[in-house]
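Here are the chains, one letter per residue:
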Amino acid sequence: MLDRVISRDDLHALIDGLALQRRLIGPVVRKAPECRPPWRYFYQPVDRAEQLDLSFSYCVYSPKPFLFPPQETLFQFERVDGGFTARPQLADRPTALVGVHPCDLNAIQLLDHVFSAAPADRHYRARRDNTFIVGVDCARPCTDGVFCADLDSHEAHGGFDVMLYPLDGDAESAGTTPGRYGVVFGSRAGGEWVRYGRRGEVPTAADERTFDRYQRQKRTAFPHALKTPADELPQLLERSYDSLLWEATARRCYSCGSCNLVCPTCYCFDIKDQTTLGGDGGQRRRQWDGCQLRGFAQVAGGHNFRSRPAARLRHRIYRKAKWIRERTGLRGCVGCARCDRACTARINTVEIYNQLTEEV
Amino acid sequence: MKPKVAIFSLTGCEGCSLAILELEDRLLDILDAVEVVNFREGMTERTWDIDIGFVDGAVSTPQDETEVRHIREHCTTLVAIGACACLGGLNTLKNHQPEEDYRRYVYGDRAEWFPTITARPISSVVKVDYELPGCPMIKEEFLRFVTHALAGRTFTLPDHAVCVECKKRGNLCLYEKGEICLGPMTRAGCDAICPTYGSKCEACRGILNEDVLKAAGINLREQYNVELDDVLADLQLFGAYQAKALP
Ligand code: SF4
Ligand code: SF4
Ligand code: SF4
Ligand code: SF4
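Going down the list, the sequences are from chains A and B.
So for the first sequence, the working numbering puts the first residue at 1; every next one is plus one.
So for the second sequence, the working numbering puts the first residue at 1001; every next one is plus one.
Here chain B stands alone, though its shape is the one from the complex:
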């Protein structure tokens, strides 16, 4: 029996579920191996008997919260895909602004019509079995997850920093240009795409662990002459770190 797969979107650009459609040549192989039963971007027929549910987007409205609970009830395995679902993503930028301001800014004079809550990852509302982070989600990682799931193998995310992939690609480190790249703190898996194209990592795949944040706090205070608020803003961009100061 082919596993029944569904794809859902909460608040976000739905770019991650689109990324699945962008798998193009590999998509046919996947469709051969699974049965897609619920996918707004790609079909009209829907059922609610689901083995693996993929969710992109953050929980950012009361409807999101209701919807994700409903999805959880109907999926044996729930997988958060993309920075929004895994970390809250860009949506969390509003968490650092007064609600009145961002509501006016986003919805104009219809602001009262749209209820909104603090943006958060779906794991803060329901139990999530796997996370495939990144903005957007990494297609190869999605394929690797599906391959593992079909074979019944345990899937794990890389447990090392973006620097590993950056060094393997032979890049010149951005610190040599005086930039504060978040690579040493951020979970790898993106093949260091941002540093490879000359932009510092902004931790869209999330922070590795508490230890690296502590190390960052010490290093940036003791070894570098930088505005900590700027670094904090980068850490907050995708919701990787929400606190007001580095440990």
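Only chain A is shown next, with the shape it has when bound in the complex:
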């Protein structure tokens, strides 16, 4: 069921209105010299809706850095007469993320869950509470190699204020700009944005039929890649702990952590203090960490719980397809295949799952 339908021009007018109050971030194409064809998309700050390309394929990085930045200062501290004072640093700049695909919305739902569980992470929450999210649906897979449909994360299940469905874009031909979007409200703020903006119309019965047709087409447009259904992956992994695959695959692994760092659901971080030269003040900083990095599971005294690359690779895969799902009921992996694209050793998660399926 749609809440509204809206023309492209009206949508742009609404987004421009949003940009008056918020920092606007969305998919922007980057061409030469940074990229060679096919051109790549990145989430980046813009001034106007016109600069965004809402029919983008995929963004190289997910919008995660705008909610959970690669590094941030948690608080500043200073020595004052024998004791010390600390000032927390919270980023509460109003932001609008416009053009978030379903995979990344599913990932944001996981981040929300993890950082909101008691004790809530104030730094994440400050950013999240000030972020307005406009999702946009994918009519077809954004590129080869994605397996979002296997995980049902090619559909949005929440995490947005407003969701857009490209209604008269041609599902068969990539890159066409839809003239009309179906709109679904995900929050009160989302509904108010469209209604108070006085844009868009109440959907007619014909609009609902178009939307039905869109969804039917979408179901056939997404191939499945996994030989084991996603909800049976935990059992598959349970049986595969001692598989030879881990060593055989990890002999290629650099432990570079790229797969972690591009993953929209990876939320691990490390905390370090930076002190001034005289040692009388400084900052407590946190930065992204990743379970594929060698130092990740190293503890005081030097012992490393996962000193072998194979143990780290297995750990990441278990997190993505088993442990997070078992623990939270949410997807630990959304099938965006960013890890696979980022891996310079060409280690491929779909291949891992499918080879394990063949083994047992």
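It should be emphasised that the hints constitute simulated quantities derived from the structure, not laboratory data.
Keep in mind that a hint or two might mislead.
As a list, the in silico EDC-like pairs of lysine to aspartate or glutamate whose alpha-carbon atoms are at most 16 Å apart [stated by the list, open to error]: (1) B/K1168 with A/D289; (2) B/K1200 with A/E34; (3) A/K31 with B/E1176; (4) B/K1168 with A/E72; (5) A/K227 with A/D152; (6) A/K272 with B/D1159; (7) B/K1177 with A/E34; (8) A/K272 with B/E1176; (9) B/K1214 with A/E247; (10) B/K1168 with A/D152.
Pair by pair, the computed Cβ-Cβ distance ranges are [said to hold, decoys possible]: (11) B/E1227 with A/E351: 25 to 31 Å; (12) A/A86 with B/E1227: 53 to 59 Å; (13) B/G1152 with A/R48: 41 to 47 Å; (14) B/L1228 with A/V80: 57 to 63 Å; (15) B/L1228 with A/E232: 40 to 46 Å; (16) A/R239 with B/L1093: 50 to 56 Å; (17) B/G1152 with A/G301: 18 to 24 Å; (18) A/K31 with B/H1096: 35 to 41 Å; (19) A/D144 with B/G1152: 53 to 59 Å; (20) A/A117 with B/N1209: 35 to 41 Å; (21) B/G1170 with A/R219: 31 to 37 Å; (22) B/T1077 with A/A300: 19 to 25 Å.
From a predicted model like this one, the values you see are computed outputs, not experimental measurements.
Cβ atoms here follow ideal geometry from the backbone N, Cα and C, with glycine treated the same way.
Start from chain A and add chain B with the ligands according to the hints.
Okay, now just chain B with the ligands, sitting in the frame of chain A:
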């Protein structure tokens, strides 16, 4: 008592010790906290009672070898700074050429006047306590080292690849342009400056460990259609890897 600090240069461009002078605003804070007792680039007075000695440049001549032994004797803590001191640096390029050729090329008809030896990192001659690699040395890392030393905290280099910093900066990976970047094998700490400006990493901060070289050998042979000699040349540029083939 302020720690007594000295800065020495062996064979190299002395860019790393100059980088210390380039710390500008932070330099005054450092000079407040330490006493510089020996620094050719910045002073004429010298003494040989040294707590922390920083050395840039490679051991590339017999004099370098004598000098670095002498320096070691007089420094409680010895710190190698820059790719030349830590890896041998660009100087090691001569190790892969016939001696006659590079001597003629560098010194012309006065070649016999200048004795030269295989270029090597200073750690191959004396014990080195810390290394601050990079070409040039990373100023922020130098500051971090000094801050740790003053506070008596243990200093360690990042134990992960350049890719980590590259991804944090949101760069498009150069492999997507078909280039073989050495980032996955190279120690981070430079904030991925080369890939950020579009050039592949050439491992000026050194290789992380044996494992990544093994992985590189497998990947480049099995997954990529590249001339291994080209990759090897990149690995050799700063002396990060000197062998004739990948493991
Ligand atoms: S990106 Fe590939 S090589 Fe790097 S840690 Fe992940 S699996 Fe290993
Ligand atoms: S594990 Fe890979 S496919 Fe899954 S969400 Fe992370 S980056 Fe995407
Ligand atoms: S460009 Fe180089 S350093 Fe950056 S992610 Fe790719 S391989 Fe790693
Ligand atoms: S990217 Fe590589 S070559 Fe460039 S400064 Fe860093 S370590 Fe050196």
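To see whether the hints hold, each was checked on the structure:
1. At roughly 10 Å between alpha-carbon atoms, B/K1168 and A/D289 fall within 16 Å of each other, so this suggested pair holds.
2. Distance check on the hinted pair: B/K1200 and A/E34 sit about 13 Å apart at the alpha-carbon level, within 16 Å; holds.
3. For a cut-off of 16 Å, the pair hint linking A/K31 to B/E1176 stands: about 13 Å separates their Cα positions.
4. Taking the CA atoms of B/K1168 and A/E72, the gap is about 12 Å. The hint holds against a cut of 16 Å.
5. Taken as a hint, the A/K227 and A/D152 pair is honoured in the structure, with Cα atoms around 15 Å apart against an allowance of 16 Å.
6. For the suggested pair A/K272 and B/D1159, the alpha carbons sit about 15 Å apart, so the restraint of at most 16 Å is met.
7. Of the pairs offered as hints, the one joining B/K1177 and A/E34 holds, with about 9 Å between alpha carbons and a cut-off of 16 Å not exceeded.
8. For the hint pairing A/K272 with B/E1176, the CA-to-CA distance comes to about 32 Å; that exceeds 16 Å, so the pair is violated.
9. At roughly 14 Å between alpha-carbon atoms, B/K1214 and A/E247 fall within 16 Å of each other, so this suggested pair holds.
10. Distance restraint check for B/K1168 and A/D152: the Cα-Cα separation of roughly 28 Å exceeds the 16 Å cut-off, and the hinted pair is therefore not satisfied.
11. Against the hinted window of 25 to 31 Å, the Cβ-Cβ separation of B/E1227 and A/E351 comes to about 27 Å, which satisfies the hint.
12. Look at A/A86 against B/E1227: about 55 Å separates their beta carbons, and that is inside 53 to 59 Å.
13. At about 54 Å, the beta-carbon gap between B/G1152 and A/R48 misses the expected band of 41 to 47 Å.
14. With their beta carbons about 59 Å apart, B/L1228 and A/V80 fall inside the hinted range of 57 to 63 Å.
15. Against the hinted window of 40 to 46 Å, the Cβ-Cβ separation of B/L1228 and A/E232 comes to about 42 Å, which satisfies the hint.
16. Restraint check, A/R239 to B/L1093: a C-beta distance of roughly 53 Å satisfies the suggested window 50 to 56 Å.
17. The supplied range of 18 to 24 Å is met by B/G1152 and A/G301, whose beta-carbon atoms lie about 19 Å from each other.
18. Hint check: A/K31 to B/H1096, Cβ distance near 39 Å, so the stated range 35 to 41 Å holds.
19. Distance hint check: the CB atoms of A/D144 and B/G1152 are about 54 Å apart, consistent with the given range 53 to 59 Å.
20. Taken as a hint, the range 35 to 41 Å holds for the pair A/A117 and B/N1209, whose Cβ atoms sit roughly 36 Å apart.
21. At about 34 Å, the beta-carbon gap between B/G1170 and A/R219 stays in the expected band of 31 to 37 Å.
22. Remark: the range hint 19 to 25 Å for B/T1077 to A/A300 is upheld by a beta-carbon distance near 24 Å.
Taken one by one, the earlier hints fail for this structure at numbers 8, 10, 13, listed in ascending order.
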